Amino acid sequence: MRQGKYPFVIGFLIAPLALYGMFVLRPIAAAVQVSMTNWSGLSPNFDFVGLENFQKLLDDDKVWLAAKHHVFLLVTLPVITIALALFFAFLLNMGGGTRGGMMTGVWGSKFYRVVFFLPQVLAVVIVGVIFGRVYAPDGSGVLNRFLELFGVDAVQFMAEYGLWSILGVLVWQAVGFYVVLFAAGMSSIPAEIYEAAVMDGASRVTIFFRVTIPLLMETVKVAWVYLGILAMDAFALVMVLSIDEGGPDGATTVLPVQIYKSGIRESDYGYASALGVALAVFTIIFAVLSLRGGKRNAVEH
Amino acid sequence: MANKSEKRSSAGVLNKLSHVALAVWAILIIYPLVFTFLAAFKSNTEIFIGNPFALPSHWDFGSFGRAWTEAKVGTYFLNSLIVVSISTFGTMLLGAMAAYVLARYEFIGNRFIYFLFIAGLAFPVYLALTPLYIVVQELGLLGTHTGLILVYIAYSLPFTVFFLAAFFKTLPNAVAEAAMIDGASHTKLFFRVMMPMAKPGLISITIFNIIGQWNQYVLPVSLLPGGAEGQEKWLLTQGIANISTAAGYQADWPALFAALSIAIIPMIIVYTIFQRQIQSGLTAGAVK
Numbered sequence: 001m002r003q004g005k006y007p008f009v010i011g012f013l014i015a016p017l018a019l020y021g022m023f024v025l026r027p028i029a030a031a032v033q034v035s036m037t038n039w040s041g042l043s044p045n046f047d048f049v050g051l052e053n054f055q056k057l058l059d060d061d062k063v064w065l066a067a068k069h070h071v072f073l074l075v076t077l078p079v080i081t082i083a084l085a086l087f088f089a090f091l092l093n094m095g096g097g098t099r100g101g102m103m104t105g106v107w108g109s110k111f112y113r114v115v116f117f118l119p120q121v122l123a124v125v126i127v128g129v130i131f132g133r134v135y136a137p138d139g140s141g142v143l144n145r146f147l148e149l150f151g152v153d154a155v156q157f158m159a160e161y162g163l164w165s166i167l168g169v170l171v172w173q174a175v176g177f178y179v180v181l182f183a184a185g186m187s188s189i190p191a192e193i194y195e196a197a198v199m200d201g202a203s204r205v206t207i208f209f210r211v212t213i214p215l216l217m218e219t220v221k222v223a224w225v226y227l228g229i230l231a232m233d234a235f236a237l238v239m240v241l242s243i244d245e246g247g248p249d250g251a252t253t254v255l256p257v258q259i260y261k262s263g264i265r266e267s268d269y270g271y272a273s274a275l276g277v278a279l280a281v282f283t284i285i286f287a288v289l290s291l292r293g294g295k296r297n298a299v300e301h
Numbered sequence: 001m002a003n004k005s006e007k008r009s010s011a012g013v014l015n016k017l018s019h020v021a022l023a024v025w026a027i028l029i030i031y032p033l034v035f036t037f038l039a040a041f042k043s044n045t046e047i048f049i050g051n052p053f054a055l056p057s058h059w060d061f062g063s064f065g066r067a068w069t070e071a072k073v074g075t076y077f078l079n080s081l082i083v084v085s086i087s088t089f090g091t092m093l094l095g096a097m098a099a100y101v102l103a104r105y106e107f108i109g110n111r112f113i114y115f116l117f118i119a120g121l122a123f124p125v126y127l128a129l130t131p132l133y134i135v136v137q138e139l140g141l142l143g144t145h146t147g148l149i150l151v152y153i154a155y156s157l158p159f160t161v162f163f164l165a166a167f168f169k170t171l172p173n174a175v176a177e178a179a180m181i182d183g184a185s186h187t188k189l190f191f192r193v194m195m196p197m198a199k200p201g202l203i204s205i206t207i208f209n210i211i212g213q214w215n216q217y218v219l220p221v222s223l224l225p226g227g228a229e230g231q232e233k234w235l236l237t238q239g240i241a242n243i244s245t246a247a248g249y250q251a252d253w254p255a256l257f258a259a260l261s262i263a264i265i266p267m268i269i270v271y272t273i274f275q276r277q278i279q280s281g282l283t284a285g286a287v288k
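Going down the list, the sequences are from chains W and B.
Each residue of the first sequence is one higher than the one before, counting from 1 in full-length UniProt numbering.
Each residue of the second sequence is one higher than the one before, counting from 1 in full-length UniProt numbering.
With the rest of the complex left out, here is chain W (with noise of 0.2 Å):
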C-alpha cells in the first residue's frame, strides 16, 4: 500500500480542495472580513469600519421583523411537521390493528407513501409558483374558491396572512418526507414489544404515546434540528409566494431575502457580508443547541 502513496493522495485531493475551496472557503472567510468594511463591491478602495455594519444591523427593522419570522417558524414548522408526520407514519405502519399479533398498516399504505413523498421531489420555486395561484386573493384562487363553499368571503392570503401561508407551503412540502423517515424508524422497533403491548390490551392511542414516540425519539431530534435548518432559510417561497418579495412591507422577509436584496440587487456588500454572519451564527447556534439538548437526553434515558 505504501508504494507511491503520496502521489495518489495529492492527485486525488488537488481537485475536490481547489474547488471547495476556491468557491466554499474562500468566500466564507471573505464574507466575515468584508462584513467589517464598506465596500460597494464597485470601487476598488474601501475602509475598515469594525462592527458598524452590525450596528446598522441591530438598527433595522427588516431585520428584527426577519428574526421574528424566523423564531416564529423555527416554533411552528417543527411542531405541526413533526406532529402531522408522526401520526401518518404511525396509520401507515400501524394504523391497520393487529393481525396474528403482529401490527399491520392501514390498507393503502404503499400508495399513500409514494403520494405523502412526491413534494420533496419538486422545487421549492416550482412549488411556490403553483401555491401563488392556490393563495390567490379573490375568486380565482383554488383555496377562496373552496371556502365559498361554505359562504365565506375572499380571504387575502398573502397580504394579510402571508407568514402563515408560506408556512402552510413548508409543511405541505415536508410532511413526507418525515412520514418515511419516521415510518423507518417505527419498523425498525422490535416487534415482541408491541405484541407485549397488544398481550397487554394497550389500544392504537396508547401504543402510539406509551411504545412508538418515546421509542422514537432520537429520530424526531434529527427531524426536529433538520426543520430547524429549513425554517432559516425560506428564500424560494418567500421570492416567488410574497407580495413584493418578503412584503408588503417587510411581513413575510426572512434574513436570506435580505441578504440578497443588500448583496445582489444593491451592492451594498458589506452590509450583506453582515447579514451572512448574523445568519450563520443563528443557524449555528440553534444547531449546537439542539444537538446538545439531544445528547442530554439521551444520557437520562
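Because the hints were derived from the structure by calculation, they are not lab data.
Note that the structure is predicted; figures quoted are calculated from it, not measured.
Ideal Cβ placement from N, Cα and C applies to all residues, glycine included.
Wrong hints could be hidden among the right ones.
The calculated lysine-lysine pairs, modelled on DSS-like cross-linking and capped at a C-alpha distance of 25 Å, are [stated by the list, open to error]:
(1) W/Lys5 x B/Lys169
(2) B/Lys169 x B/Lys199
(3) B/Lys199 x B/Lys188
(4) B/Lys188 x W/Lys5
(5) W/Lys56 x W/Lys68
(6) W/Lys261 x W/Lys56
(7) W/Lys110 x B/Lys16
Partial selection, computed: residues in chain W whose CB lies under 8 Å from chain B [to be verified]:
(8) Phe23
(9) Phe116
(10) Leu122
(11) Ile130
(12) Arg145
Let chain W serve as the given structure and place chain B on it in line with the hints.
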C-alpha cells in the same frame, strides 16, 4: 363478549378516521398538481373567472407550444439538464475521490482536510452569497454555465464527502489487499474495485445531488444575471420564477401553467419509477 364487540366497533371508527385523514392529505398533495395541469389547457378567462375545480371547456394544447418556444421553457429545461448532469457527474467523481482518500489512507493532514470539508455543512449558502458572486465575477465566469457547474460541485462536496467517507470506511480490506498483491495501482484499485463495491452508497448520494441541484434556485438567480443575452443561459427554476412574476392579468397564464407542467411531469415520472431508491436515497443522510 360485549366488551369485545365494543372494542371492535371503536377500532372500526378509528380505522375509518385514519382512512379519512390519509385520504385528505393525499388529496391536498395531488390536487394542486392536477389543478396546474388542467389550467394549462384552459383560457385566461377560464382561469380567472371560471371554477378552478372544473375541467377545461375545450382542451387547448397550444399553451405547451407557446411555453416551450416563446417563454423559452425548452431552452431553460435543456440548460438545467446540461448543468445538472455535468455537475452531478463532477460532484460524484471529485467527491468519491476525496472521500476515498480521506477514508482509507493515512497521511499528514488527513483529519484536518476531512473537517475542513465537513465544516461546509454548518454554513448556510447565504453567508457567502455576495463574496461568491465577486469570486465568480473575478474569474470571468459570471453568467456562464461553467461557473455555475463549478459552484454546484463545490457546494455539493461537503455532504458528498461526509456521506461517502463513512461508506468507504465500511468496505472490507481483504478485497483491496488482494487487488494490490495482484499488482493493481492505487488508481486502478479505486476505479476497478472500490467504486463498484461502493455502488449502493454512490446511488443514494447521486440521487440526493441530482434532486438538490435540479431544484437549486438561489445560486442560479445570483450567478446567472438577466439581460438580453444572459436570459438564454437561465435554468428552469429561475426561468419559471421569472415568468410567474412577469405574468400580470394580461399575461399568458395557460402558458405559465404549461411551463409548470413541463417542469413537473418529468419529475413525477422519474419519481414514480425510482420512488423506492429516491426515498431511501434522500432519507439515508438522516439515519446515519
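In rising order, the numbers of the hints this structure does not comply with:
Going through the list in order, the structure violates no hint and respects every one.
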